[in-house]
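*Asks:* Can you make the complete structure from the sequences, with help from the hints?
4 protein chains.
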Amino acid sequence: MNSYLTRLKEGSLKLYALDALVSPKEAVTIRRRYIEEETGVQMPHTGMVSIPLEDVVRKNCENMIGAVQVPLGVAGPVLMHGEYAKGSFFLPLATTEGALVASVNRGCSAISKAGGADVRIFADCMTRAPVFATRSVIHAREMVDWIADHKNEIADAAQQTTRHGKVTDIETYHAGTSVYVRLCFSTGDAMGMNMVTIASEKAAEVISLKTGARLISLSGNVCTDKKPAAINMILGRGRSVSAGVSLSEQQVMDIFKTDSKAMIEVSIRKNLVGSARAGSLGFNAHAANIIAAMFIACGQDPAHVVEGSLCITTIDPTDDGIYASVTLPALPVGTVGGGTRLGTQAECLSMLGVAGGGDPPGSHAKKLAEIVATGVLAGELSLIGAQAAQHLARAHQELGR
Amino acid sequence: MNSYLTRLKEGSLKLYALDALVSPKEAVTIRRRYIEEETGVQMPHTGMVSIPLEDVVRKNCENMIGAVQVPLGVAGPVLMHGEYAKGSFFLPLATTEGALVASVNRGCSAISKAGGADVRIFADCMTRAPVFATRSVIHAREMVDWIADHKNEIADAAQQTTRHGKVTDIETYHAGTSVYVRLCFSTGDAMGMNMVTIASEKAAEVISLKTGARLISLSGNVCTDKKPAAINMILGRGRSVSAGVSLSEQQVMDIFKTDSKAMIEVSIRKNLVGSARAGSLGFNAHAANIIAAMFIACGQDPAHVVEGSLCITTIDPTDDGIYASVTLPALPVGTVGGGTRLGTQAECLSMLGVAGGGDPPGSHAKKLAEIVATGVLAGELSLIGAQAAQHLARAHQELGR
Amino acid sequence: MNSYLTRLKEGSLKLYALDALVSPKEAVTIRRRYIEEETGVQMPHTGMVSIPLEDVVRKNCENMIGAVQVPLGVAGPVLMHGEYAKGSFFLPLATTEGALVASVNRGCSAISKAGGADVRIFADCMTRAPVFATRSVIHAREMVDWIADHKNEIADAAQQTTRHGKVTDIETYHAGTSVYVRLCFSTGDAMGMNMVTIASEKAAEVISLKTGARLISLSGNVCTDKKPAAINMILGRGRSVSAGVSLSEQQVMDIFKTDSKAMIEVSIRKNLVGSARAGSLGFNAHAANIIAAMFIACGQDPAHVVEGSLCITTIDPTDDGIYASVTLPALPVGTVGGGTRLGTQAECLSMLGVAGGGDPPGSHAKKLAEIVATGVLAGELSLIGAQAAQHLARAHQELGR
Amino acid sequence: MNSYLTRLKEGSLKLYALDALVSPKEAVTIRRRYIEEETGVQMPHTGMVSIPLEDVVRKNCENMIGAVQVPLGVAGPVLMHGEYAKGSFFLPLATTEGALVASVNRGCSAISKAGGADVRIFADCMTRAPVFATRSVIHAREMVDWIADHKNEIADAAQQTTRHGKVTDIETYHAGTSVYVRLCFSTGDAMGMNMVTIASEKAAEVISLKTGARLISLSGNVCTDKKPAAINMILGRGRSVSAGVSLSEQQVMDIFKTDSKAMIEVSIRKNLVGSARAGSLGFNAHAANIIAAMFIACGQDPAHVVEGSLCITTIDPTDDGIYASVTLPALPVGTVGGGTRLGTQAECLSMLGVAGGGDPPGSHAKKLAEIVATGVLAGELSLIGAQAAQHLARAHQELGR
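Chains as they are written, first to last, in our numbering: chain B, 43 to 443; chain V, 43 to 443; chain F, 43 to 443; chain G, 43 to 443.
These are calculated hints, taken from the structure and not from any lab test.
Ideal placement from N, C-alpha and C gives every residue a C-beta, glycine not left out.
Warning: the hint list may mix true and false statements.
Going by beta-carbon spacing under 7 Å, a handful of chain B positions derived as facing chain V [said to hold, decoys possible]:
id, residue
1, Asn-44
2, Thr-81
3, Ile-107
4, Gly-262
5, Asn-263
6, Ala-320
7, Ser-351
8, Glu-389
*Replies:* Written out as structure tokens, the structure is:
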């Protein structure tokens, strides 16, 4: 170990090169030791890694020095009536934000008391949109026409790279000489970003060859990945899912200590008019909180919280109470690939009965999407209820952050 | 332990009630055991928690059952010339996305070879915007006028709740009868959301009392917290920070195996025109990836990746190469409070020399903001460079996700 | 006349009731006299109406008292190579903004000298999106499924109301319990808003009857008509059209007294980065100016300038100069219906060879779209050229507004 | 005349050169004759110009060939209680859209019966934002700091160019190396775009000289002029104005043949949720229609309909009925300059009692803003009422477009 440390300090060995020389566990230890000596900071907690490292260092994280422990709480159980998620579930939430688990928990209780949440998936596609340069708007139009006439040929090229990915649509957008080809795929139980990137490269090669357009980037930002974008709000990305629940006036009063009218007023003045006034693409209270906590727990990509935050929350008046709903047009989730195989993350997915590939394929990922949506509904109900009762800040004070 | 388990199963004991009955460690164990039995899933990795629990269960996570381990890699060192962050830093990145650390690492190398990154903070304020209901647009105007005339009185009320928070501005926005009072605070080394929420409650009480407007919610979504919103892009939220670096043509060729012209073309057709075409509020390649990974490592709120994704990346031509920059108008970060005290997270902050409060106050949080911005610059340079060379998908394939 | 005036003043006769009692011309005169007496203002110019009134008072304007005269200038001729507009055209511009015609004129000259503009239409559909209320997200999903399975039935119902309108697509969007059915039509030479509104009513009746969803409004704002909306930018509305032109470095210098590099820098820092920074949906210099002036001249709906302003202008570097383009994703135009039959407006359309229905149907409206796009290209080139030479304000001063 | 025509045809005389050779009237006639001969189209109506030409050809329109006649209808009278507009007003609407005047008229009637509209101006500034290029983000920060420290010096430079314009704020925004200086002015009775452009040039010269930043364009699109932009929604541009009215349940039923609940449901599902779903910056039914018609009538710039369309319409429930409001954050209007002096336009302004400069300065423009806002309120109420009763399309059919 010391010889490696010496070589790292001398600069004759690169941090990443350790993987080729020693076992994953040793590599992690040596690197951490090196960082500790370079920065003068002891990192004992970071070194407490229990998850098996072989896969991780090859597939999930380069230059690994340990692991960050994110506290995991549970909310629920919450009753839901999805097409895939049926029954009661405890929700795993990895978070350091005090009051969040408690808040979601209260919402879960409300939903269960009200008879459970309605949940439905409305669309399911992962996208990648390479951008090409053409010579003129005439060339752009010719390219767009060629693509419209050769969708099968393009899809075939894309699909030869993947067993699970199927092209479901090929759309073109352009601006001047730039043409964006948005390829939509069903991706089974995978979130699918890598699958569709690799498939898109093949598609892009065909398009470029046949149209003479220059491929500029495999991602032209019309995908749109990890940036807040109206195209995701409008057309969806990943799983598009809604959850709703009907509460009677009595339930609103018993659980949230407020009334329908107050909750509706918060919903309108805050989530709808307030977001409009701020030029927002998210019309909700705090959907991102729940999505971030469940994504970290379940090995999802936390940068996809950006897409998830495009949530529209509504509270309709009913004859006796309210119908509350959340709509998540762009929720990229998967139960295979990414961080899903890691020890703790796999345990959280198992808790939900969705670890690994589903039978039929895609059913696990869709079930996970339905569960996350229900979690968001719980969080929204709880926070709007709390705000309706004007005690948000007091709740935070008492929970002591 | 078994008696508690029995009572949990019977429903005579609530999960959260355990905290009052047993030690934090026992409570976590009993709850996990209960969840294991309820779901039939063993969770040994989740149980491997080394971070001290006393604080965590009171301040960061209710109903805790263990911790999620997120792999931690390092990129760098990277040289930067901020006002607070001066010198070379290793960047901690908690991620399960293969290739991310490697990509940022390449960017760090490029920046250091180019002589280091310029980094500057342009603004610093955390916001909360309570929403009030007035009776008419005339009442709304009267309220807005009263606030304009009584800013000191409102600020005094807000500031009596906090030692570190200072009101820096009070802005009003309205839509019909809804009035949004956006309170801006400097928050020292705290990210400051809770501080400003509590302070805003006091301010809201004064405003409501004096103007007769009804307080509807302490957060009216004009803040805007954890939703993508143009107001954050335009006016900033948290720390507003930019990083830039000048690369010669030779450096572009040596490091990225491409040329200035190609990188500029990617930047324009993808980050600018592509994002415009998609109706996006983010004009960058993958800023959210780096922000998410550094936020999880450093105990920041991962839902704030939403604000962070409002990044504008530019690549200007220079006489001999390029000047690349990233601008993060809304980066909410802190080095005290939230998840910053937890074992692993505190170690990451220590690695950067920013654990706890700085001297003078605020200097640690600002230094962290400068470091994150430099990390984003590294990630952007690397990905744009890779895309310019048209090998994004191949890189991912080789790294084997 | 005096007796009518007396009755108007007494309130025993309504302004609009005059149409049933006297000739159109008399009605206009009596109303204007009444307004003159009520306000004490003489309106001799308003009374100078030469356009035939019979149609106008029934179809274009209620309570008519005269006409507003908007100065009409011409720019051009400008050479264009569209699929419909081929050759040189003078552009009619109705405006009161000094320097606008002169500016467009300079751009026309540049385009013609450069060999003419490339122009292509990329899409063509007018939309209407009724909004329905469902009982739950489950009901919403059932409704969406029913629509997907019965598109022909819905299209048949819609098309029975119109000879020229054809349903080209039926898309569904939802948020919670609200479902928006976006019906897309080809509308021949009509702009088509009324045609598709009437057709959508029939479609909505069928949908409501078969799904049990309540029709809330024939327009649910997902159309989106006369509001700036990303959905129009992304999916298009009306005619989607691009125009481009290639200028050599010498031409840039001779015509605009600047160089390619300067024009590209203005384009990027202003139209792309500036608009991004402002949270804009329009990435152009002043497309709305040209569209407004040509729309008023040609009897188009001037409120559609809103959609037209969603223009993306780009300036690419070429081997010897620039390729400039404008992309108008949402340009609602028609040559029949609306204000197209009125005397002066019909003369402007005739000037362009597009008065009335085309042969084949739709060819006149598409030709008009191509001409407007070329006009916008001329205006953009000229203003960007002027700004590149930093003399925008001086130009305005000299032209003396 | 014939000799000029001959020279025009030969190309030895330019169209615009006629102004220096003959009287305005002759120039218009010769040009129109030339266009008639070139296009083979007779334009007798276009030639019927009654408005005095001397000013027009120098200040409003180059290459003039005549005028377009836009039918002018009146709606009202409508009672309003503004700070400037007090009493009843007939609203001039220049339009070719059948049913529009009738619809606004019905809304005017509703407002008057309900006791009149509340109207208030909330802000008043016209903006121009030059964009500068700096060398680095450090240089950008230095420039921003310099501006913050020298606001008076910059304002003095700007104000030396104008008697009526006063600098009210100087804001800076940046993205990488691009810095946008948004100068805000009060502009008295002028809409003020030219005034502030000329003033901004002086300010820009000072800034450039003192900071070494290069001026790229006097308008950097952060203004934002004639493009839909969140910055205008959030910070306002021109006059920011709201109008509201309270209707009892009985009035809703009598006038609109519907009830409060139905109108509120339309407002929420269409104007709020529908616009959110479409990624819109406008949350209203058809504000642009009324603004376009009143702007053309009153000599305002019709391209500013873009800013005007950023309207938020709300309908609140009250104890007995509704409170309806419209908020126009960005309404650029003026009563001097632009098209305000022209014969017909001046007559429309006179009808409203706002022709020319007010006493005190600014009072005419503000009064006009209040009147337009009330017109928009009337239009919104009427259309929402009609949609609530599900008879939009039928109304259009009957009115026969």
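*Asks:* Take the hints in turn and mark each one as holding or not.
*Replies:* Hints and how they fare:
1. The beta carbon of Asn-44/B is not positioned within 7 Å of any beta carbon in chain V (closest approach about 20 Å), and the interface hint is therefore violated.
2. Interface restraint check: Thr-81/B against chain V, minimum CB-CB distance 5 Å, threshold 7 Å, status holds.
3. The restraint placing Ile-107/B at the interface with chain V holds, with a minimum CB-CB distance near 6 Å, inside the 7 Å limit.
4. Given the 7 Å rule on beta carbons, the hint for Gly-262/B holds: about 4 Å separates it from the nearest Cβ of chain V.
5. Taking 7 Å as the C-beta contact cut-off toward chain V, the hint placing Asn-263/B at the interface holds, the least distance being around 3 Å.
6. Look at Ala-320/B: its Cβ gets to within about 4 Å of chain V, closer than 7 Å, so that hint holds up.
7. Interface restraint check for Ser-351/B: the shortest CB-CB distance to chain V comes to about 5 Å, inside 7 Å, so the restraint holds.
8. The restraint placing Glu-389/B at the interface with chain V holds, with a minimum CB-CB distance near 4 Å, inside the 7 Å limit.
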